[in-house]
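Sequences listed follow chains P and F, in order. Just add 2 to wherever you are in the first sequence, counting from 1, and you've got our numbering. Just add 1256 to wherever you are in the second sequence, counting from 1, and you've got our numbering.
Simulated from the structure, these hints should not be mistaken for lab results. In this text, all values refer to a predicted model and were calculated from it rather than measured experimentally. Please note: incorrect hints may appear among the correct ones.
Said to hold, decoys possible - Only part of the chain P face toward chain F is listed, based on derived beta-carbon distances under 7 Å:
hint : residue
1    : Pro-92
2    : Gly-169
3    : Pro-172
From the three backbone atoms N, C-alpha and C, an ideal C-beta is built for every residue, glycine too.
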Amino acid sequence: MKKLIKNINKSILAIFGILLFVLVGCNNEDEFLNRIPLDKPNPENFFVDATSARAAVNAAFRPLTVSAHMFRRDLVLCLDAMTDDSYWRPARAHSIALGNWDVTPTNENINNYWQECYRSINAANFAIERIPTSSDPQFTTEKQLPYIAEARFIRAWSYIFLTSLYGDVPLHLIASIESKPRSSRADILVQVVADLEFAGQNLLASPIEDGVPTAAAAYGYLAKVYLWLGENEKAITAARSGVVSAEGAGFGLVDDYLSIWEEEQNKELLFYLPFATNDDTYGQNMTVQRLIRDIPTKLRTIEPGDGWGYGLPQLDLYNAFEPTDPRREFTMYAHGDNYGVYNGSEDFVYTYNTFDALGNEISETVTYQPGDLVTYNHNWSPTGFNIRKMTRSMFHLANVRWSGQDIPLMRMSELYLILAEALAEQGDAEALIYVNKVRSRASVNMPEKTVADGNLVDLVRHERRVELAMEGIRIFDLIRWGTLADVFGNGTKVKRHYHSDLLPTSNITKFDSPVHDLTHLEGLLPIPQVEMDQNNEITTQNAGY
Amino acid sequence: MKIIKNNIITLIVFVFSTLNLFSQQNKITGKVSGQSGSELPGVSILVKGTINGTSTDFDGNYTINTDSNALLIISYIGFVTQEVSVTGRSVINITLKDDLENLDEVVIVGYGTARKGDLTGSISTVSTKNFDKIASSSPLQILQGRATGLSITSSSGVPGSGSNVLIRGVGSINGSSSPIYVVDGVIKTNINNLNPNTIESISVLKDASAAAIYGARAANGVILVSLKRGKGSGASQITFNTYVGIQTESNLKLDLLNADQFVELWTESHENIGLESNWTQADLDQYSGVDTDWKDAMLQTGIIQNYDLSVSGGNEDSNYFVSGNYFTQEGMVIKTAYEKFNLTLNSDHKINDWLKWGNSILLYSSKTEGDGTSYNLAMRKSPLTRVYEEDGSWGIIRNQALEHIHKNPVWQSENYQNDNLIKGLQGSLYVTLNLLEGLEFTARGSIDYVNSYSTLFNSGVPDPARYSWEGSTINLVQKQNIQSTHGIVDFLLNYKTSINEDHNITVLLGYSREENERELLYASIQGTPNDDIRYLDAGDPETMQNSNNFRDWSFASIFSRATYNYKNKYYFNATIRRDGTSRLTEENRYGVFPSGSIGWKISEEDFFNKEGFFNNLKLRASMGILGNVLSLSEYATISSLSFQGRVLNDVVTPGYTQTSAVNTDITWETSQKCNFGFDATMVNGKIYTSVDYFIESTSDQLFTQPIPLSNGYFSSPIINAGEVRNTGIELQLGIRNNHSKDWSYDVNFNFSSVKNEVTDLGGRDEEFLSSGLKVGEPVNSFFGYKTNGLITDESQLAKYQGGSFGSKAIGDINIVDISGFDDDGKPNGIPDGIINAADRTIIGSRFPKFIYGMTGTLNYKNWGLQVQLQGVQGRDIYIGSRNSNDLMVLMSSWARNEDARIYRRYHPINNPNGTWPRLTKDGSGANLEVSDFWLEDASYLRINNINLSYNVSGSLLNRFDISNLSLYSSVNNLYTFTKYGGPEVDTTAGGPNSVNALSGIPSPTTFNLGLKVSL
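Isolated chain P, as found in the complex:
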């Protein structure tokens, strides 16, 4: 009996156990399995008001500054190295290859430019598409326009960049995972024009936030695109709109040329990329890449300090300046220039190699006493030159990679020169008014150009080269003008080294000579191999690759 009770008890236990089992099993299993990210916004309910619109637009600018190959570090230098203006120091293979036009489709720089521009475009597309869905009724369509304009501005900027360097490229106007074939450069530019017209009309002439592009900048790029398309009348109109907008908002030329890069948020800057000082993530190391590298150790503490010297101006650029143009010295250090004051505590004796008047190699010795003015020496660079423009002292930085120096992309002087170029293309001598405006800047103070000085277009192009040198702009001008192959000629046209004429032909620093024939390449970079491999809609690589 006792045993039976025990068995009954056990059976109850068993039933209880099985019930428990079933209950737990059926209890809210879906709830248990529903997990969502709790630390990130959700795209469906993110868009509310101006704050979310600002954030969505910001994300479209981020790709241009985040990667080392973009403006954060190399881009300006690499773009200039691809022209007749400068040489990339022979270190870091992929950048050297770019400077030499010896690029393979697997080159990481060209891969990165492509990737970051399309990331910018995708974020811009997302912002353009979603800002109108904002839930706050106070955030009216009208209030949304400047944000959408800013997104369309940066989308246009990225497409100009892409189509300039790669030719026909995929055109994405909505965020999607669909593969797109290459659209012709003409089709890309049609979209760019539409975006920039919208941006010109809807961006503020004087944005509330420092770092947001101005309406004038949009007109500036629009005018450049029209010039590229040969639509000079439209270019004149757009450029005039830009000038009116900019001047009306108080933008203009600053007197001190070098202060454009030394002072933040000055009135010359229509569009620039801001960076934060002493910040590992949001600072830049372009500045240290530009500063002089091969300086003797004892002279390293002279302002603005030493750097890594990756961008090295060439003799061809030096010669492009009129002999009296002070912008030559503002742009580059050349042999015999004042470099700075020796601040050591004891005499410094320095012997260096140079050439005598007959071209014989000799050595010279100088002795600097504390307080002496040091002169720049051609031994301090593989080309005999270093960049001075767009540098700044780094002694206040905790890390030379964390410069907060902003990078201007569209300055007032360029806007004047765009208008000048448009007028010149139409044969209108009014062009010289704007050329001379730029030349007459207080610190530059160059004599006025007149129609007697030559072809209007040549005068403007010369002025663009010297005014905007080493700012990463010339490559786009050469592409736009279709003169990229011409400037290099047969490979002995562009002199590289300060002493180019004295160097043997075997010396790589004698001439800037592209490895590949630029005519054959049609002045284009290859489509990145990753894109070729993963985009089934793209079947043709650019010529020569």
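Please build the complex by placing chain F on the supplied structure of chain P, with the hints as guidance.
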């Protein structure tokens, strides 16, 4: 702190020991020996129907307290289990009969145990004998080469670093291919925290039938680990084990260029491209006599110490096993170290005849100090830089053209802190109700809580104007805390019955919920007042940065297993599991995974002559389907926005966008697995073998569809497509003899060969090619150019002119023209006389053709010797550079040192017979393009471990009540035979998407001496 730890141990030992005091029963003693008369140590003696048990000491003696009418079960591996009735005796000597089958060994299987002889699935069991005598912090390192189908590779030689484990090859294209570990019911992703000495047994579940009970968790296989438990009354045992070891560089060494070679090649790389070297003789003169061997400066003799103390015991109602372990290691590279403390508390308790409970608890903490960054830097540091100047100050960079601005690696080691402190609690608690005869209900909760706290401190570099070192002049403190909690609740119903002793049936029904939460908190600050202050409060508040994120996932599963055997001849096993996962949308969330297996023990048939050549023979076959979603991240099917800030108004302002393309329409990846095998013992049990053949296909692979960069996403969507197949054989063969009184041996070979093959890419064959995926080739193969030596003649240059390699010249790597492009821009396989991207193809495999191992054990009287070898055949490692910070950049970047093999470079005058490419400062010649020139055969045979031990015997031991005292010595990673030229051949580095294989810290050789004593 140490005192507290010791007190806790004392207290626990005391509490558990008192349990013994309450047993008032007969004491039985005796001796167990084999047929040959040799005493058998470690024989298990269990009172039937209880958990009261003991084991024999070294001389085969045992003592147990039990009722006078109890029945003793005496079992020992290799011998037939006997039942002996006590019937009032107090001395019982037992002679065990050799078991020719050796199949009564109990092995752990998913959610239970089984007799080895009853298995129908493919399970490798690993003997853990001698595990405690091998100097290693990680059980996985000891497992290497000991089990068939198990491939273990070190991830790094940094102290405390883990291992990469593969069971039967890679099944997944994108996701993790690592198995899961189940430690006393706790599912884990690694077992580095375990003390090897506490492991009782390890089972590797390989085929579907064995692993299917873990359903969706098991697609990559399961490694089951059970920890030691107490045996029972009279068996209280205290064991102390200690060893000390030293570590030095192994026989594989990386040679770097010396100063003269460096200057010679660096000059050559300038001259080769017509660039004047920008240093003068005067510059060189200041380096006269300087030739720094940076590797030497970074190495020291590593020291390992290990202390283990364990206490076990109990009575028929309760048992316990308590073990404390302290392991400390000073690495072979300066300022690297590892320390581990762990405490294991396992017990089982019977409350009455229908209720018992038990626990397995592991408390652990470990601390890793340092990492490989400084060592890596040292490999690239110019040999012209001094470690110290003559006045004892740090080496100054005199000329950047000859010494790159890298920090001094020794300074960096000494002024850098990267500590990772892990504290964890891993444990499970179970209650079992004995409901009816044969029916048990078990509820088990388990938890794995890990807190990982790391501190990174970077000192500011001293005066940049004096030293010229790159880096921040301001110090940096980073703190990161990752807290993760993994909980599982299991409910199991077990039923076991036997009808007429002929039909043996077991049924398991289970339900399980599993949940994981992980939260990260990070903050950093710069500029504390001095380098001694390494806390956030002391820094400059303006530089403060922080972040915080959270991830979770969950599984809910119901599963069942039924086994049936008829007269222990015919075996059937069926398993089914339904898993639900949080990683998929509600529509696709559930997957059902069935499997089944059969076994036929031919040797049990009447017609089989067990006394013949074969003593035992069993055939096995299994098939089944497993699921996998672990290639997916936690929220792979949910869109979210990620932070993309921008500077405005001079401050960072938030930015958000959608950076990942999400496909919500994905579902389970399924692996279909078939296994055929047999187990046999031959020649009176002296030879034993197991052979398995398997085919595993994983289809609907969850993998990233590479979308074009022009879509602008940071990450690509996941799709279900494609199939990967692994086919292979595994063989185990052993010869043993333990019949002699004085000596015994056991030599065990294992061999595994897996052919990994992509069999379908869902029609996306061309898109995946550049990722090294091609139908008919192994997963993630090396993709690049085929080459045939160097260009020796002008006539070979023509094919480069029309392509993108215009800078090729004599002395550069010569690429083979294998294809041109068709009209769609795809390679057409027809050589076109031009070298371009069409000529890239699959050039090598990162998977070995086969792996093998051997464990040989020889015992003679008191001496024991174990030798363990391990080998890998037919695998490639990529030694070329993939970015400019790698070691092998052919002098193309900055003034940095390189692998001495580049001295074999071609130069028309200095080295006209050179076999390596010419050196170019600007990288022209495209010699660093990914090509088979840089693939090296990494086949090797390694003497993994040699272990010699001596058991002290004699009256001295008895006088001090010592039951066992042994002294041992072992060498780990003694010697590697290989043609591979890098510093580490057993490495995951150098794969298609991994880091450079040359500049990491390699595994050291370890010599150790130890002592083990049991009371």
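Against chain F, run the beta carbon of P/Gly-169 and see if the smallest gap drops under 7 Å.
violated, 14 Å
So, as I understand it, the hint says P/Pro-172 touches chain F; can you test that by seeing if any CB pair is closer than 7 Å?
Holds - the Cβ of P/Pro-172 comes within 7 Å of chain F, reaching about 4 Å at its closest.
Take the shortest C-beta to C-beta distance between P/Pro-92 and chain F; is it under 7 Å?
Holds: closest Cβ of chain F sits about 4 Å from P/Pro-92, inside 7 Å.
Comparing the model with each earlier hint shows a violation of hint 2 alone; every other hint is respected.
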